[in-house]
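**Student:** With the hints as constraints, model all of the structure from the sequences given.
For the record, the sequence lines run as chains A and B.
Going by the numbering used here, the letters in the first sequence line up with residues 1 to 266, in that order.
Going by the numbering used here, the letters in the second sequence line up with residues 1001 to 1285, in that order.
Among the hints, a few may not be true.
[Unchecked claim] Listed below are the simulated DSS-like cross-link pairs for lysine-lysine, each with C-alpha atoms no more than 30 Å apart in a straight line: (1) Lys262/A - Lys245/A; (2) Lys1192/B - Lys1141/B; (3) Lys1012/B - Lys216/A; (4) Lys1125/B - Lys230/A; (5) Lys1119/B - Lys216/A; (6) Lys1192/B - Lys216/A; (7) Lys1125/B - Lys228/A; (8) Lys228/A - Lys1119/B; (9) Lys1119/B - Lys149/A; (10) Lys1222/B - Lys216/A; (11) Lys1125/B - Lys149/A; (12) Lys1141/B - Lys1125/B; (13) Lys1196/B - Lys216/A; (14) Lys1141/B - Lys69/A; (15) Lys1204/B - Lys72/A; (16) Lys1125/B - Lys1196/B; (17) Lys1219/B - Lys216/A; (18) Lys1125/B - Lys1192/B; (19) Lys1222/B - Lys1075/B; (20) Lys1119/B - Lys1007/B; (21) Lys245/A - Lys1119/B; (22) Lys171/A - Lys181/A; (23) Lys1196/B - Lys1141/B; (24) Lys1141/B - Lys171/A; (25) Lys1204/B - Lys1012/B; (26) Lys1240/B - Lys216/A; (27) Lys1204/B - Lys216/A; (28) Lys1192/B - Lys1075/B; (29) Lys228/A - Lys1196/B; (30) Lys1141/B - Lys216/A; (31) Lys1007/B - Lys1204/B; (32) Lys1240/B - Lys1219/B; (33) Lys1196/B - Lys230/A.
What the hints contain is simulated information worked out from the structure, not anything from laboratory work.
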Amino acid sequence: MRNEGSSFIESFRRYQQFDNWFLAFNPLSKLNILFVLGFSSMLINDWRYGFTLSTLLCVLAFAVNRGVKFLKPFSVIVLIFGFFTLVIRQFSVEGTTVLFTLFGILPVTEEALVNGLNTASYLLGFSGAVILFFVTTEMRDLMYVLEQKGMSHEVSYIVLASFQTIIDLRKNAELIMESQKARGIETEGSVMNRIRAFFPILGPLVLGAISGTEEKSIAMDARAFSVKCKHTFLRELRPALAWEKILTAAADICFVLLVVYKLVLR
Amino acid sequence: MTAVELKNVNYKYPLADEYALRDVSFRFEEGRFYGLIGENGGGKTTLCNLIRGLVPHFYHGELEGEARVFGMNIKEHNAEELAVRIGYVFQNPFNQMSGIKSTVFEEVAMGLENLGVEKEEIIRKVEEVCHFLGIEELMEKNPNELSGGQRQRVAFASIIVMDNEMLVIDEPTSQLDPQGTENVFEIIRNLKEAGKTIILVEHKIDMIAEYCDEIIVMKEGKIVCSGETQDILSRMELLKYDAQIPEAAIWGHEMAAEGMPLSRIPITTGQAVQYAVERRQTDGN
Chain A
1 MRNEGSSFIE SFRRYQQFDN WFLAFNPLSK LNILFVLGFS SMLINDWRYG
51 FTLSTLLCVL AFAVNRGVKF LKPFSVIVLI FGFFTLVIRQ FSVEGTTVLF
101 TLFGILPVTE EALVNGLNTA SYLLGFSGAV ILFFVTTEMR DLMYVLEQKG
151 MSHEVSYIVL ASFQTIIDLR KNAELIMESQ KARGIETEGS VMNRIRAFFP
201 ILGPLVLGAI SGTEEKSIAM DARAFSVKCK HTFLRELRPA LAWEKILTAA
251 ADICFVLLVV YKLVLR
Chain B
1001 MTAVELKNVN YKYPLADEYA LRDVSFRFEE GRFYGLIGEN GGGKTTLCNL
1051 IRGLVPHFYH GELEGEARVF GMNIKEHNAE ELAVRIGYVF QNPFNQMSGI
1101 KSTVFEEVAM GLENLGVEKE EIIRKVEEVC HFLGIEELME KNPNELSGGQ
1151 RQRVAFASII VMDNEMLVID EPTSQLDPQG TENVFEIIRN LKEAGKTIIL
1201 VEHKIDMIAE YCDEIIVMKE GKIVCSGETQ DILSRMELLK YDAQIPEAAI
1251 WGHEMAAEGM PLSRIPITTG QAVQYAVERR QTDGN
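**Tutor:** Right, here's the structure in full:
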């Protein structure tokens, strides 16, 4: 075998390596902790907690070299949902203490502003946790740990294949549009032109996807996909470490206490 | 030993009016390489589906007659077991990738993972097959970024690594360029030398003539003729079944029509040259 291939092949003989501790964190434990953090911002519903949490999540994303990937969707959430929520609350929440008037017509009250900040902050806290999870965890790793816990490999395949299917559908749509263009059909220009060009491609796109699915099922069947036996894994992740389990348990306990406090004691 | 035995098989797909297979009787022997040729819609792919067990386990429909694969009636066979014993490669290389693996190495290993093979054994077998097929340079690449020809080679690797007893290969080069076709037939040649039972559907008749032991010609769901490759592909009457004959055979018949018959009708370029040289030597004497 070529020397340059051997380190690649050797990588399958050990647990998969990652660039840092957070990326290597057991996916289920990470999911648990981040979702607990996300839900906590909704339960606490205080803009100071929510904005602090989302800032910390942002800092963590940069610390683990996923800052740019994190900021792309997160900034959309900030701009659209965060800012939009803040503005809408000025109209929907009544208040008596007017702080200032926006554009000379919209009175901004303290009550509406606090309410808007609280809502925006928990949206950012929750979505920040979700986004951080998905930019630091590959779906195949999540599916691997779920299969270890007993999820069927059919479900795993469906989830993973769906992501590739979306990419394939987009490529096929582009191909069909190009061939329509080659036949003289107008596919660019005004919005109406684009809509008129788009709908006729749906038929061949959907039919192509259906026949492609049939062939793919046959191809997977040829790879013993339906054989009823315990599957093995070429690519393995290390089991969750003790400190990961302790941290996850601590996060869960804190969350349960928070729920009890919010729902029962207050 | 007989791998597949068909007796008076008739088959109709669900909701179809016409039979896709009509009164098909044939015996496929182990270790032989069969070429299946004929017009489009002649029943070749349906016959492959039957041998592979997709009919009746995947495509239901009406199956009559007797079809035995490895000695057992096809209807009694466990579909999963057939999938392991009979490998299947078909024409669209883009639909033969799983879409869920990041590297070719993992893609090829997938079948062995599904069979519960131990990791070290998986690594050994995949390395061996990648070396056998000459796709080592593709091992680290993403299967979704490969060309059609490269994907077809990976599809072959994914099946060969499972060490099936029989291989059904349905028009593997129809979507490939000449270089891709050359690469695929190189793989098929290696499989033949390894003694596998192979059933190949192809329209590239010159390639079929080079490699196959026996030819089966199908038209309108029936086997219209079958026999040794040399015998079948040298006959002009194959044209009436809408099947092609090799260029070398056409040339041989034209030579005979011109009053310069060769010792036999060639079916490959190599034979054409050989018989032409013999003819010249005979004329010289």
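**Student:** Next, verify each hint and record whether it holds.
**Tutor:** Now for the hints, and whether the structure bears them out:
At most 30 Å may separate the alpha-carbon atoms for a hinted pair to count; Lys262/A and Lys245/A meet this at roughly 26 Å. At most 30 Å may separate the alpha-carbon atoms for a hinted pair to count; Lys1192/B and Lys1141/B meet this at roughly 28 Å. Taken as a hint, the Lys1012/B and Lys216/A pair is honoured in the structure, with Cα atoms around 23 Å apart against an allowance of 30 Å. Note on Lys1125/B and Lys230/A: the hinted pairing holds, with a Cα-Cα distance of about 19 Å set against a maximum of 30 Å.
Only pairs whose Cα atoms come within 30 Å are accepted, and Lys1119/B paired with Lys216/A is accepted, the gap being roughly 25 Å. Between Lys1192/B and Lys216/A, the direct Cα distance comes to roughly 26 Å. Compliance with the 30 Å bound is thereby established for this hinted pair. Distance check on the hinted pair: Lys1125/B and Lys228/A sit about 22 Å apart at the alpha-carbon level, within 30 Å; holds. At most 30 Å may separate the alpha-carbon atoms for a hinted pair to count; Lys228/A and Lys1119/B meet this at roughly 18 Å.
With a CA separation close to 19 Å, the supplied pair Lys1119/B and Lys149/A stays within the 30 Å bound. Only pairs whose Cα atoms come within 30 Å are accepted, and Lys1222/B paired with Lys216/A is accepted, the gap being roughly 28 Å. With a C-alpha separation of about 28 Å, the suggested pair Lys1125/B and Lys149/A falls inside the 30 Å cut-off, and the hint holds. Proposed proximity of Lys1141/B and Lys1125/B is supported: the alpha carbons are some 18 Å apart, at most 30 Å.
Annotation: proposed proximity of Lys1196/B to Lys216/A holds, straight-line Cα distance about 25 Å (limit 30 Å). Distance check on the hinted pair: Lys1141/B and Lys69/A sit about 23 Å apart at the alpha-carbon level, within 30 Å; holds. Proposed proximity of Lys1204/B and Lys72/A is contradicted: the alpha carbons are some 51 Å apart, above 30 Å. Restraint check for Lys1125/B and Lys1196/B: satisfied, since their Cα atoms lie roughly 17 Å apart, inside the 30 Å limit.
The hinted pair formed by Lys1219/B and Lys216/A meets the criterion: a straight-line CA distance of about 28 Å does not exceed 30 Å. At most 30 Å may separate the alpha-carbon atoms for a hinted pair to count; Lys1125/B and Lys1192/B meet this at roughly 19 Å. The hinted pair formed by Lys1222/B and Lys1075/B meets the criterion: a straight-line CA distance of about 21 Å does not exceed 30 Å. For the hint linking Lys1119/B to Lys1007/B, the alpha-carbon distance of about 42 Å lies beyond 30 Å, and the restraint is violated.
For the hint pairing Lys245/A with Lys1119/B, the CA-to-CA distance comes to about 27 Å; that is within 30 Å, so the pair holds. Taking the CA atoms of Lys171/A and Lys181/A, the gap is near 15 Å; set against the 30 Å cutoff, the hint holds. With a C-alpha separation of about 29 Å, the suggested pairing of Lys1196/B with Lys1141/B holds against the 30 Å cut-off. As the CA atoms of Lys1141/B and Lys171/A are separated by approximately 20 Å, the hinted pair is consistent with the 30 Å bound.
For the hint linking Lys1204/B to Lys1012/B, the alpha-carbon distance of about 28 Å falls within 30 Å, and the restraint holds. Restraint check for Lys1240/B and Lys216/A: not satisfied, since their Cα atoms lie roughly 36 Å apart, outside the 30 Å limit. For a cut-off of 30 Å, the pair hint linking Lys1204/B to Lys216/A stands: about 25 Å separates their Cα positions. A distance of roughly 29 Å separates the Cα atoms of Lys1192/B and Lys1075/B; the hinted pair therefore holds under the 30 Å criterion.
For the suggested pair Lys228/A and Lys1196/B, the alpha carbons sit about 26 Å apart, so the restraint of at most 30 Å is met. Only pairs whose Cα atoms come within 30 Å are accepted, and Lys1141/B paired with Lys216/A is accepted, the gap being roughly 20 Å. Under the criterion of a C-alpha separation no larger than 30 Å, the hint pairing Lys1007/B with Lys1204/B is consistent with the structure, at around 29 Å. With a C-alpha separation of about 10 Å, the suggested pairing of Lys1240/B with Lys1219/B holds against the 30 Å cut-off.
A distance of roughly 28 Å separates the Cα atoms of Lys1196/B and Lys230/A; the hinted pair therefore holds under the 30 Å criterion.
Of the numbered hints stated above, those contradicted by the structure are hints 15, 20, 26, listed in ascending order.
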